[in-house]
Amino acid sequence: MPHRFEFFFPVSDEMVEFVTEVVLDMSRIFEIPVAEALNIVNLHWESLEVGDDRLLGHEETEFWARTIYEQH
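Residue numbers (our numbering): 1 to 72.
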């Protein structure tokens with residue numbers, strides 16, 4: 001069953017899977033609960049609108065998971 005998270009920032013349909021993978025990667029890499037990873041991502045990107053035109057997809061999800069976690 002796929003994960004369905006509530007993001008506190010706008011995410012286009014095309015990017016939902018990508019942002020979800022960032023959350024799951026963060027949880028796996030840093031051995032933290034998924035709920036904590038989701039909270040960290042929500043806080044980090046709360047003022048961002050994640051759409052097709054964003055450059056987020058130019059980096060791997062693990063890059064974003066590590067970068068966001070290290071900056072929180």
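What the hints contain is simulated information worked out from the structure, not anything from laboratory work. Note that this is a predicted model, so its numbers are computed, not measured. Each residue gets a CB set at the ideal place from its N, CA and C atoms; glycine is no exception. Worth double-checking, as some hints may not be accurate.
Said to hold, decoys possible - Ranges between beta-carbon positions, derived for each pair:
#  : residue 1 : residue 2 : range
1  : 3         : 51        : 19 to 25 angstroms
2  : 71        : 10        : 29 to 35 angstroms
3  : 43        : 21        : 26 to 32 angstroms
4  : 31        : 10        : 25 to 31 angstroms
5  : 58        : 33        : 27 to 33 angstroms
6  : 59        : 10        : 18 to 24 angstroms
7  : 35        : 58        : 23 to 29 angstroms
8  : 31        : 51        : 28 to 34 angstroms
9  : 32        : 8         : 27 to 33 angstroms
10 : 67        : 35        : 27 to 33 angstroms
Compare the structure with the hints numbered earlier in the document and write down the numbers of the violated ones, lowest to highest.
Of the numbered hints given earlier, those the structure breaks are 2, 3, 9, 10, listed in rising order.
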